[in-house]
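Going down the list, the sequences are from chains D and Z. The opening position of the first sequence corresponds to residue 4 in our numbering, with each subsequent residue numbered one higher. The opening position of the second sequence corresponds to residue 168 in our numbering, with each subsequent residue numbered one higher.
Hint data in this document are derived by calculation from the structure and do not stem from the laboratory. Hints are supplied without guarantee of correctness; some may be wrong.
[Claimed, not checked] Listed next, the in silico DSS-like pairs over lysine-lysine satisfying Cα-Cα at most 30 Å (straight line):
1. D/Lys-38 / Z/Lys-237
2. Z/Lys-172 / D/Lys-23
3. Z/Lys-172 / D/Lys-73
4. Z/Lys-190 / D/Lys-38
5. D/Lys-21 / D/Lys-38
6. Z/Lys-190 / Z/Lys-206
7. D/Lys-42 / Z/Lys-184
8. Z/Lys-184 / D/Lys-73
9. D/Lys-42 / Z/Lys-257
10. Z/Lys-257 / D/Lys-31
11. Z/Lys-190 / D/Lys-23
12. Z/Lys-206 / Z/Lys-182
13. Z/Lys-182 / D/Lys-38
14. Z/Lys-184 / Z/Lys-206
Next come the chains, spelled out residue by residue.
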Amino acid sequence: MLIARVVGTAISTIKDEKVKGRKLLVLKQTDPTGKLIGKPFVAVDLVDAGVGELVLTGHGSSARQTHLTKECPVDAVVMAVIDHLNVDDEVVFRKE
Amino acid sequence: MLISKVVGTTVSTIKDKELTGRKLLILRQVDEIGDVYGKPYVAVDTVDAGVGDLVLTAHGSGGRQTAITKNSPVDAVIMAVIDHLNIEGKTIRR
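Can you build the whole structure from these sequences, using the hints too?
Pasting the structure below:
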């Protein structure tokens with residue numbers, strides 16, 4: 004899984020039948036302090052995450068292990084919203 | 168999934184028979200302000216995308232989960248055309 008922050012949403016009308024009705028979020032990976040790194044990617048939201056939240060994403064075939072994404076052309080899902088992160092005995096992030 | 172822009176088409180006569188009739192588009196990834204970056208790659212189009220469109224691509228075994236690419240030697244598929252992206256308060260259209 005990756006730690007990522009939700010930075011936006013993707014709106015699409017024409018898409019694969021099996022992806023219809025799914026919420027697509029734009030995310031960027033973060034370092035352990037929550038600082039954004041890398042380029043944006045898109046994942047299907049399973050946990051009703053919102054813009055600004057820190058989340059965990061599952062990738063590859065693992066992303067199709069949920070009833071919402073089974074046998075869908077999907078390679079990334081948001082599967083958890085992070086409440087807080089503890090790194091080296093220090094709370095480096097806490098959800099507001 | 169990756170956010171990409173369609174930059175061209177690939178034409179191939181001799182190919183695996185599972186790929187016969189499939190539209191192969193050339194794509195480049197797009198960053199948070201809509202600029203293309205990185206090297207081009209090819210994906211099978213399942214949503215009738217065109218050059219200039221912003222699309223989403225699914226990779227690896229996820230690329231074989233559509234009716235069109237099932238059991239095909241394919242590792243990337245265009246599974247959505249993006250109408251617009253809202254990123255950090257800005258709207259990006261094609």
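Checklist entry - Taking 30 Å as the top limit, are the C-alpha atoms of Z/Lys-190 and Z/Lys-206 close enough? => result At roughly 20 Å apart (the allowed maximum being 30 Å), Z/Lys-206 and Z/Lys-190 satisfy the hint.
Checklist entry - Would the pair D/Lys-42 and Z/Lys-257 pass a check requiring their Cα atoms to be no farther apart than 30 Å? => result Within the cut-off at roughly 16 Å; holds.
Next on the checklist: Would the hint linking D/Lys-38 and Z/Lys-237 be met if the CA-CA limit is 30 Å?
Outcome noted: violated, 39 Å
Next on the checklist: For a C-alpha distance cap of 30 Å, please report whether Z/Lys-190 and D/Lys-38 respect it.
Outcome noted: violated, 39 Å
Next on the checklist: Holds or violated: Z/Lys-184 and Z/Lys-206, Cα atoms, limit 30 Å.
Outcome noted: Holds, at roughly 27 Å.
Next on the checklist: Just to be careful, I want the Cα atoms of Z/Lys-182 and D/Lys-38 compared with a cutoff of 30 Å; is the pair within it?
Outcome noted: Violated, at about 45 Å.
Checklist entry - Going straight from one Cα to the other, do Z/Lys-172 and D/Lys-23 come out at no more than 30 Å? => result holds, 21 Å
Item to check | Pairwise hint evaluation, D/Lys-73 against Z/Lys-172, where the allowed Cα distance is 30 Å at most | outcome: Distance ~27 Å between Z/Lys-172 and D/Lys-73 Cα, so the pair holds.
Checklist entry - Is the straight-line distance between the alpha-carbon of Z/Lys-206 and that of Z/Lys-182 30 Å or less? => result holds, 23 Å
Checklist entry - CA of D/Lys-21 to CA of D/Lys-38, is that 30 Å or under? => result violated, 33 Å
Next on the checklist: Run the distance test for Z/Lys-257 versus D/Lys-31: straight-line Cα separation, threshold 30 Å.
Outcome noted: holds, 15 Å
Item to check | 30 Å Cα cutoff - pair Z/Lys-184, D/Lys-73 | outcome: This hinted pair holds, its Cα atoms lying about 27 Å apart.
The earlier numbered hints that this structure contradicts are 1, 4, 5, 7 and 13.
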